[in-house]
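Colleague: Sequence:
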Amino acid sequence: MAVWALGLNHTTAPLDLRGRFAFALDQIAPTLQSLRRTVGSQGHPPVEAAILSTCNRTEIYCAAEHPALEHTVGWLAESGGVSPALLRSHAYTLSDDQAARHAFRVAAGLDSMVLGEAQILGQMKDAVRAAETAGALGTTLNQLFQRSFAVAKEVRTTTEIGAHSVSMAAAAVRLASQLFEDLRETRVLFVGAGEMIDLAVTHFAARAPKKIAIANRTLERGESLAGRFGGEAMRLADLPGRLAEFDIVISCTASTLPLIGLGAVERALKARRHRPMFMVDLAVPRDIEPEVRQLEDIYLYTVDDLAHVVRQGEASRQAAVAQAETIIDAGVRSFMHWMDQRANVPLIQQLQAQTDEWRQAELARARKLLARGDDVDAVLEALSRGLTQKLLHGALAELHAGDAEARQQTAAAVSRLFLRKER
Numbered sequence: 000m001a002v003w004a005l006g007l008n009h010t011t012a013p014l015d016l017r018g019r020f021a022f023a024l025d026q027i028a029p030t031l032q033s034l035r036r037t038v039g040s041q042g043h044p045p046v047e048a049a050i051l052s053t054c055n056r057t058e059i060y061c062a063a064e065h066p067a068l069e070h071t072v073g074w075l076a077e078s079g080g081v082s083p084a085l086l087r088s089h090a091y092t093l094s095d096d097q098a099a100r101h102a103f104r105v106a107a108g109l110d111s112m113v114l115g116e117a118q119i120l121g122q123m124k125d126a127v128r129a130a131e132t133a134g135a136l137g138t139t140l141n142q143l144f145q146r147s148f149a150v151a152k153e154v155r156t157t158t159e160i161g162a163h164s165v166s167m168a169a170a171a172v173r174l175a176s177q178l179f180e181d182l183r184e185t186r187v188l189f190v191g192a193g194e195m196i197d198l199a200v201t202h203f204a205a206r207a208p209k210k211i212a213i214a215n216r217t218l219e220r221g222e223s224l225a226g227r228f229g230g231e232a233m234r235l236a237d238l239p240g241r242l243a244e245f246d247i248v249i250s251c252t253a254s255t256l257p258l259i260g261l262g263a264v265e266r267a268l269k270a271r272r273h274r275p276m277f278m279v280d281l282a283v284p285r286d287i288e289p290e291v292r293q294l295e296d297i298y299l300y301t302v303d304d305l306a307h308v309v310r311q312g313e314a315s316r317q318a319a320v321a322q323a324e325t326i327i328d329a330g331v332r333s334f335m336h337w338m339d340q341r342a343n344v345p346l347i348q349q350l351q352a353q354t355d356e357w358r359q360a361e362l363a364r365a366r367k368l369l370a371r372g373d374d375v376d377a378v379l380e381a382l383s384r385g386l387t388q389k390l391l392h393g394a395l396a397e398l399h400a401g402d403a404e405a406r407q408q409t410a411a412a413v414s415r416l417f418l419r420k421e422r
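Numbering (numbering that gives the first Met the number 0), first residue to last: 0 to 422.
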């Protein structure tokens, strides 16, 4: 089996390009089916596949009897509406042990914008569940991901890699505090009700703002989140008319189009008499039109803009990174050893079938002799001799065949297989 990975992340591709390849969880099943059909149509057997899509990365992991990396690149480029050449210039492609190493590093938080952050592990588990539900996860990828989860757990329990990590939500609070003297006097609007927004509400609520509101497509889900923090829930349709009420806007939805446009923000600023607004767009693709950044009195940050904030303090964790890499190295070696063993499974099965056939033949012969009334000891002797001859026939034949070099190699193999001392 071959394993390969194709991806682009916050270090290789700009935000708008990443947005072209963002897949919501409910899109994963049909997307995986499309990928497997496309790669399979190139004459390759069906592939195992999983897609990890977050605000910082989109990655495809595949396994099959034969590698089909170029077909995977072509499929992803087409799905994002770009040329394969453009995608390659911003993507990374990895095979076998390098693909495994990358998966382990991602799970452990070593490849994240926030070094050591734990959220990515949950996102990977979601991706694996989605692939399994779609029927796209086979033995090889399942082993890869289960081992990556085990490595991530060991890294987090035996190193300090996650110590003092700064989440996106904490970074947003830090930046907002630089603009507003007292967050207790601010009104905060959260757009969306997913995991990232849940985390952001938790961080901002700790600063006790004057008002918290949740705008979500599904009002019931917004009410559930708002109720935990004493906030108000509102519909997305009411967002443009109420934007002016809020000093801080944090948005992260799975919308494929911007929810907050330039015109709506301009009207909000006018109604606010140009009191400043702090806005954070954590969504990929964007929830807030990028032109909003050009407005005076608007302080707009994207996930990429937060990079400098969240990277502060990483130097103190570099020693833990070295420890984590050692754990990952061991995990990669273990996985590749398992892959190598898998290659011998058909041969092992054939060998077991052949020896069982010999055993059955000798047993049948022995039963006939016993039924005829032959001496039991003589029958057992014949049984053991017959099995021995069948087991050694191939080796003895090879020792008498071929040239001298071939016989020497056979002799060495026979010595290893039949003459080694049991330890």
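Hints in this document: simulated from the structure, not taken from any laboratory. Heads up, the beta-carbon is just placed ideally off N, CA and C, and yes, glycines get one too. Heads up, a few of these hints could be off.
Stated by the list, open to error - In silico DSS-like links for lysine-lysine, alpha-carbon gap of 25 Å or less:
{"no.": "1", "residue 1": "K152", "residue 2": "K124"}
{"no.": "2", "residue 1": "K269", "residue 2": "K210"}
{"no.": "3", "residue 1": "K389", "residue 2": "K367"}
{"no.": "4", "residue 1": "K152", "residue 2": "K209"}
Said to hold, decoys possible - Quick list of the computed label-pair ranges, beta carbon to beta carbon:
{"no.": "5", "residue 1": "Q293", "residue 2": "Y91", "range": "28 to 34 Å"}
{"no.": "6", "residue 1": "L390", "residue 2": "R332", "range": "22 to 28 Å"}
{"no.": "7", "residue 1": "L346", "residue 2": "R216", "range": "54 to 60 Å"}
{"no.": "8", "residue 1": "T325", "residue 2": "Y91", "range": "51 to 57 Å"}
{"no.": "9", "residue 1": "A84", "residue 2": "T10", "range": "18 to 24 Å"}
{"no.": "10", "residue 1": "T325", "residue 2": "A403", "range": "44 to 50 Å"}
{"no.": "11", "residue 1": "D328", "residue 2": "V413", "range": "47 to 53 Å"}
{"no.": "12", "residue 1": "R358", "residue 2": "S94", "range": "28 to 34 Å"}
{"no.": "13", "residue 1": "T138", "residue 2": "R183", "range": "52 to 58 Å"}
{"no.": "14", "residue 1": "H399", "residue 2": "E77", "range": "58 to 64 Å"}
Colleague: Hint check: K152 vs K124, CA-CA at most 25 Å. Holds or violated?
Modeller: 13 Å, holds
Colleague: Just to be sure I understand the hint, the distance between the Cβ atoms of L346 and R216 should be within 54 to 60 Å; is that true here?
Modeller: Holds - the Cβ-Cβ distance for L346 and R216, about 55 Å, lies within 54 to 60 Å.
Colleague: Given a hinted range of 58 to 64 Å, is it respected by the beta-carbon distance of H399 and E77?
Modeller: The hint (58 to 64 Å, Cβ to Cβ) holds, given that H399 and E77 are roughly 59 Å apart.
Colleague: Within 52 to 58 Å: is that where the Cβ-Cβ distance between T138 and R183 falls?
Modeller: 55 Å, holds
Colleague: Quick one, are K389 and K367 close enough, alpha carbons at most 25 Å?
Modeller: The hint holds at about 19 Å.
Colleague: Quick check on a hinted range of 28 to 34 Å for R358 and S94, using CB atoms only.
Modeller: Violated: the Cβ-Cβ distance is about 42 Å, outside 28 to 34 Å.
Colleague: Determine whether the Cβ-Cβ distance between Q293 and Y91 falls within the hinted range of 28 to 34 Å.
Modeller: Holds: the Cβ-Cβ distance is about 33 Å, inside 28 to 34 Å.
Colleague: Range first: 22 to 28 Å. Now tell me if the beta carbons of L390 and R332 are that far apart.
Modeller: Given range 22 to 28 Å: violated, Cβ gap about 34 Å.
Colleague: Looking only at beta-carbon atoms, does the pair T325, A403 fall within the given range of 44 to 50 Å?
Modeller: 47 Å, holds
Colleague: Given the hinted pair K269 and K210, is their alpha-carbon gap at most 25 Å?
Modeller: 21 Å, holds
Colleague: With 47 to 53 Å as the target window, see if D328 and V413 comply at their CB atoms.
Modeller: At 36 Å between Cβs, range violated.
Colleague: Please work out if K152 and K209 have their alpha carbons no farther apart than 25 Å.
Modeller: Cα-Cα ~39 Å, so violated.
Consistency note: the structure conflicts with the earlier hints numbered 4, 6, 8, 11, 12.
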